[in-house]
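> Residues 9 to 177 (this note's numbering) are what the sequence shown spells out, left to right.
Where hints are given, some of them may not hold.
Said to hold, decoys possible - Computed cross-link-like contacts, DSS-like style, restricted to lysine-lysine with a CA-CA straight-line distance of at most 30 Å:
id, residue 1, residue 2
1, Lys-171, Lys-110
2, Lys-26, Lys-173
3, Lys-171, Lys-26
If you are wondering where the hints come from, they were derived from the structure by calculation, not from laboratory data.
Quick caveat, the model's predicted, so the values are computed rather than measured.
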Amino acid sequence: LRQNIIDGLSRWEFLASKILTNLLLSLISVVLIFIIALVTGFIYTPEINWNYVFTDIEFYPAYLLELFTFLSYALMLGIFVQRSGLTIILLLLSYMLEAIVKANIDDYFPWLIPYFPMESISALVPIPFYRYAFQEIQDYVDPAAVAIASAWMILFNYFSYLKLKRSDL
9 LRQNIIDGLS RWEFLASKIL TNLLLSLISV VLIFIIALVT GFIYTPEINW
59 NYVFTDIEFY PAYLLELFTF LSYALMLGIF VQRSGLTIIL LLLSYMLEAI
109 VKANIDDYFP WLIPYFPMES ISALVPIPFY RYAFQEIQDY VDPAAVAIAS
159 AWMILFNYFS YLKLKRSDL
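Input sequences plus hints: build the corresponding full structure.
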């Protein structure tokens, strides 16, 4: 950060470059997954029907939001901690700490659990492994999960901005 400021970037320009990098990485990942899914579908489908090609396409923007929100969270932790190793440890610990808190408040405040950051991010595109256990899976993108994850994404980026704005270099 200090070197970027010395090189002439303002704090806002530094943060904007990091946010745009996160967005670019998220977009590249979504496009790559779309291409892989398209090629795999064309290879293993005996008859190509364009109605099936674009079925459940709403999961791609939800996945983009999921990735971008998670990367915004990682960026915020990186800006607050400023040590890469400790940031990675905190990123992993945040999942465990949130799971412990969720397990303890599940009986008393179950309505609060969807508002936790990692829970709301992972609720956008749930892992479909339950399908193989013959359980129901979510086959739509929940608008409430999109709203909650979007709010967290805005908060993560805003907190990053506040920290950079108030920090002493």
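> State for each hint whether it applies.
Outcome of the hint check:
no., hint, result
1, Lys-171 <-> Lys-110, "holds, 28 Å"
2, Lys-26 <-> Lys-173, "holds, 15 Å"
3, Lys-171 <-> Lys-26, "holds, 14 Å"
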